[in-house]
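**Student:** Counting from 1, position 9 in the sequence shown corresponds to residue 8 in numbering that gives the first Met the number 0; the numbering is continuous, with no gaps.
Just so you know, the hints here were simulated from the structure itself, not pulled from any lab data.
No experiment lies behind these values; they were computed from the predicted model shown.
A virtual CB, placed ideally from N, CA and C, is assigned to each residue, including glycine.
Computed beta-carbon distance windows for the label pairs:
# : residue 1 : residue 2 : range
1 : Asn121    : Thr71     : 17 to 27 angstroms
2 : Asn103    : Arg49     : 28 to 38 angstroms
3 : Thr35     : Glu65     : 17 to 27 angstroms
4 : Asn121    : Leu57     : 12 to 22 angstroms
5 : Lys18     : Phe81     : 13 to 23 angstroms
Straight-line C-alpha distance at most 16 angstroms; calculated EDC-like pairs for lysine to aspartate or glutamate:
#  : residue 1 : residue 2
6  : Lys23     : Asp115
7  : Lys127    : Glu2
8  : Lys89     : Asp58
9  : Lys139    : Glu73
10 : Lys24     : Asp34
11 : Lys139    : Glu33
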Amino acid sequence: MIELMTAFPGLQNSIFEIKSPTDKKYNCIAWAAEDTNNFWWPERGCYWPRESPRIVTLDAFIAAFETLGFTTCENELYEEGFVKIAIFVKDDGSPTHAARQLPNGRWTSKCGRYKDIEHDLNALCGPKPAYGNIACYMRKPA
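Based on the provided sequences and hints, a complete structural model is requested.
**Tutor:** Here is the structure:
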C-alpha cells in the first residue's frame, strides 16, 4: 500500500482500495478493456488490435478502444447504461495509462503489472511516477 501511495501521491488524500493480488499477465490498458488474459501495448510481443496502429500515440489508443465499441465523449461523469474509460498521457502526449469506470461511479485501474485498485479518478494524475493527465474520455453501451 505504501508503494502505491509513493508512486501516486494523489492516493494519500483519497479513498482507494486494493481489489486484487499482483498479476503480471495483463496491464492497465487490458484491464480498461476488460481483458485479463492479454498484456495490451502497441509493441511487438504484446497484444494490440490488428485494426489499430502499433504506435504509442493517443490516436492509436483511441483506435484500439474503438475496436471494442468505445467512442470519445466529453467527460468522466457517470452515465447509466454506459461503460467509460479515461486515457492518461505524459506531458509529451504519449499514453501511459487507462482507467475504467465502475457501475458505482468510481474508477478501477491496474497499476502497472501489479494490483487492481478502486480509486478516485484524479488520484492517479500527476508527474512521473504518476500517470500524467487525462487526455481523453471514451464510452460504450454497457
